Amino acid sequence: MLKKILSKSTHVFSFFLLVLGFWAICLNLSNYYVPKLLSYGIFLSLILAFLSYSASSGTVFYCFKRIIEAFITIFVIATCTFMLLRLMPGGPFDEEKALPPKIKAKIEAKYGLDKPLAVQYFDYLKKAAVFDLGTSYKYIGRSVGEMILQNFSVSFTLGFYAFLLSFLIGIPTGLFAASKHNTFWDNFAMTLSISGVALPNFLVGSVLIVVFAYQLDWFPSALWDSSLHYVLPVVTLGIRPAAFIARLTRSTVLDVIKSDFIRTAKAKGLSPLAILYKHVLKNSMIPVLTYSGPLLAGILSGSFVIEILFAVPGIGKDLVQSVTNRDYPLILGLTLLYSVLLVISNLLVDFLYSFFDPRIRLGV
Amino acid sequence: MNHLKKSSSLWQDSLKRLKKNNASVISFYFIVFICLIAIFAPLLSPFAFDKQHIDFILSSPNQNGFLFGTDSLGRDLLSRIIYGSRMSMAVGIITALISMLVGTVYGGVSGWIGGRVDAFMMRVVDILISIPSLVLLILVKVVFDSVSLFEDPELKALTGMLLALSVVGWVTLARIVRGQVLQVKSLTYIEASKALGIPSYLILLKHILPNILGPIIVLLTFQIPSNILTESFLSFIGLGLQPPYSSWGVLAADGWRSMRHYPHLIIFPSIALGVTMLAFNLFGDGLRDALDPKS
Chain A
0 MLKKILSKST HVFSFFLLVL GFWAICLNLS NYYVPKLLSY GIFLSLILAF
50 LSYSASSGTV FYCFKRIIEA FITIFVIATC TFMLLRLMPG GPFDEEKALP
100 PKIKAKIEAK YGLDKPLAVQ YFDYLKKAAV FDLGTSYKYI GRSVGEMILQ
150 NFSVSFTLGF YAFLLSFLIG IPTGLFAASK HNTFWDNFAM TLSISGVALP
200 NFLVGSVLIV VFAYQLDWFP SALWDSSLHY VLPVVTLGIR PAAFIARLTR
250 STVLDVIKSD FIRTAKAKGL SPLAILYKHV LKNSMIPVLT YSGPLLAGIL
300 SGSFVIEILF AVPGIGKDLV QSVTNRDYPL ILGLTLLYSV LLVISNLLVD
350 FLYSFFDPRI RLGV
Chain B
0 MNHLKKSSSL WQDSLKRLKK NNASVISFYF IVFICLIAIF APLLSPFAFD
50 KQHIDFILSS PNQNGFLFGT DSLGRDLLSR IIYGSRMSMA VGIITALISM
100 LVGTVYGGVS GWIGGRVDAF MMRVVDILIS IPSLVLLILV KVVFDSVSLF
150 EDPELKALTG MLLALSVVGW VTLARIVRGQ VLQVKSLTYI EASKALGIPS
200 YLILLKHILP NILGPIIVLL TFQIPSNILT ESFLSFIGLG LQPPYSSWGV
250 LAADGWRSMR HYPHLIIFPS IALGVTMLAF NLFGDGLRDA LDPKS
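If you read the sequences in order, they're chains A and B. Mapping of the first sequence onto numbering that gives the first Met the number 0: residues 0 to 363, in sequence order. Mapping of the second sequence onto numbering that gives the first Met the number 0: residues 0 to 294, in sequence order.
It should be emphasised that the hints constitute simulated quantities derived from the structure, not laboratory data. Be careful, since some hints might not be right.
To be verified - Distance condition first, Cα-Cα at most 27 Å in a straight line; then the derived DSSO-like pairs of lysine-lysine: (1) A:K257 / B:K15; (2) B:K193 / A:K179; (3) A:K114 / A:K137; (4) A:K277 / A:K267; (5) A:K64 / A:K96; (6) A:K105 / A:K126; (7) A:K109 / A:K126; (8) A:K64 / A:K103; (9) B:K193 / B:K205; (10) A:K125 / A:K109; (11) B:K15 / B:K205; (12) A:K267 / A:K281; (13) A:K179 / B:K15; (14) B:K205 / A:K179; (15) B:K19 / A:K257.
This one's a predicted model, so the numbers in the text were calculated from it and none came from an experiment.
Let the sequences and hints guide you as you build the complete structure.
Shown next as structure tokens:
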């Protein structure tokens with residue numbers, strides 16, 4: 000009895016902590032152009048989501064554990080990146096024409112770079128905890144949070160479409176190849192997909208530009224203005240994951256087809272299509288899901304090559320340029336963004352596992 | 000006794016299966032061919048990789064005696080591709096070997112010891128995986144570029160790249176090796192050798208390692224092309240090898256800038272890169288099917 004009450008009270012306690020955490024996050028996010036209403040919406044929907052999850056016992060505790068783990072991971076990543084950055088030779092204000100030492104010292108003092116490393120580190124942590132990522136060193140006067148929000152929306156759109164595209168192409172292709180196992184079409188699809196995995200995306204992008212922009216003149220080759228501009232970058236970004244998902248789907252489907260419940264389904268006279276969609280597909284989604292967690296984070300956080308090739312004003316470009324510029328706050332902010340994305344998408348994937356395969360239960 | 004078939008080991012069986020797969024066999028010979036080119040590059044290439052022919056800048060293929068033409072500084076493209084294979088293959092193979100070694104030892108120890116040590120070691124891996132690999136690559140590369148480990152000028156130019164790719168690469172390997180070790184560890188023959196009092200390191204070396212070697216080799220063959228790809232990507236964005244050294248990525252990046260007017264500059268390096276990537280992937284596929292007949 001006591002045990003039951005104790006476990007209940009931990010649930011309630013953890014739930015309140017969660018609520019408090021998200022409250023704080025939403026309030027702070029609202030400093031950066033996120034409308035107040037939206038943040039309350041996120042907050043409310045989160046509460047609803049957790050309430051519905053808490054119906055099955057143990058899940059809230061599991062979520063709580065995962066979120067605490069996520070915070071620890073993000074903290075360690077922030078620390079590692081901070082330290083690695085300071086190991087790098089050269090600083091943000093080393094320019095080709097060296098600044099007079101007095102001026103340089105003044106600039107460094109303005110950004111707090113003259114303090115001891117430990118002090119800088121704790122200052123940084125304190126600010127990051129309330130989502131203040133500081134101001135960029137190179138883009139003077141612009142706050143990192145503002146820059147991220149501005150460019151991230153472009154990368155997010157691009158990545159999201161590419162993610163959808165890779166699923167829309169990859170899964171049907173994999174299913175098709177598996178259903179025609181060991182025929183010409185299977186080999187054909189697999190050869191295509193192996194080239195999709197093997198070829199570097201800057202080559203694929205260049206070929207697409209030459210063929211569809213220069214020769215055929217169907218799509219614009221660069222910029223990010225209308226929906227026509229989206230086509231080539233989205234396709235280039237989506238080809239590799241699509242090919243990978245196709246191969247993954249095919250091999251899992253071939254595995255699943257051999258299992259007993261498929262034989263049962265055939266024996267009871269289900270049509271091949273019904274077997275394929277109701278039994279095979281749902282059971283072969285687990286490896287694809289595992290792959291899609293890191294994929295989602297990677298693809299949303301922008302791809303440098305695509306953004307350079309197609310002159311897309313996204314966040315991947317900022318990442319590389321900030322490292323070469325030694326723009327410490329920007330690098331740290333973008334790294335944190337990526338880690339948060341990764342943690343969230345992995346969490347999502349874990350929740351989806353139990354949807355596709357009810358045998359997998361959360362927290363067990 | 001003559002009617003009994005000679006027994007063949009698991010490895011011999013796998014080799015037989017591999018030989019039946021035409022695509023893999025062809026890919027294998029192609030890889031050997033590229034490796035030979037890379038090793039004997041100084042003998043094979045008509046010119047040195049940084050030799051400039053000022054009078055024949057940007058000549059088209061098969062003109063003025065340059066089979067693949069020349070680039071904007073008048074360097075023979077064929078020679079640069081041949082020398083590029085040296086750099087690209089060196090990056091691919093050396094980093095794959097380093098990351099395999101580190102990953103196998105780390106994953107093996109983690110899986111074998113288990114418990115809290117395992118949990119801690121895997122948490123470290125989780126964290127390394129969640130740092131964006133591009134940031135990690137660039138940071139490690141910049142930090143170690145100033146360190147000089149090698150005397151050889153070509154390897155010296157590669158130091159940062161080799162270390163960066165290894166740092167990023169060993170993590171996934173460690174994870175998979177750990178999973179394999181955990182699987183094999185629970186089998187009865189391991190229990191039997193424990194009961195016989197065989198020391199742990201011998202069990203690891205003599206019983207576990209041979210049984211997980213197949214997946215490790217397959218991973219290795221996939222790690223090589225992915226490293227070559229990452230190197231070419233880094234060179235493409237200008238953070239890789241610095242001129243005058245050439246790798247396929249450097250050449251493709253050079254060619255891309257003048258893609259419209261001098262297409263030969265991007266076509267030839269792309270073919271070299273693309274075909275090699277395909278060969279490695281096809282060979283890895285065949286190897287996986289041969290070593291693991293179940294899948």
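Hint by hint, here is what the structure shows:
1. A:K257 / B:K15: Holds - the C-alpha atoms of K15 (chain B) and K257 (chain A) are around 25 Å apart, at most 27 Å.
2. B:K193 / A:K179: violated (47 Å)
3. A:K114 / A:K137: Distance ~20 Å between K114 (chain A) and K137 (chain A) Cα, so the pair holds.
4. A:K277 / A:K267: Roughly 14 Å between the alpha carbons, so the hint for K277 (chain A) and K267 (chain A) holds.
5. A:K64 / A:K96: Answer violated: K64 (chain A) to K96 (chain A) is near 52 Å, above 27 Å.
6. A:K105 / A:K126: Measuring from Cα to Cα gives roughly 22 Å; hence the hint holds.
7. A:K109 / A:K126: holds (16 Å)
8. A:K64 / A:K103: violated (46 Å)
9. B:K193 / B:K205: This hinted pair holds, its Cα atoms lying about 12 Å apart.
10. A:K125 / A:K109: With Cα atoms ~18 Å apart, K125 (chain A) and K109 (chain A) stay inside 27 Å; holds.
11. B:K15 / B:K205: Status holds; Cα separation ~24 Å.
12. A:K267 / A:K281: holds (19 Å)
13. A:K179 / B:K15: holds (26 Å)
14. B:K205 / A:K179: violated (42 Å)
15. B:K19 / A:K257: Within the cut-off at roughly 24 Å; holds.
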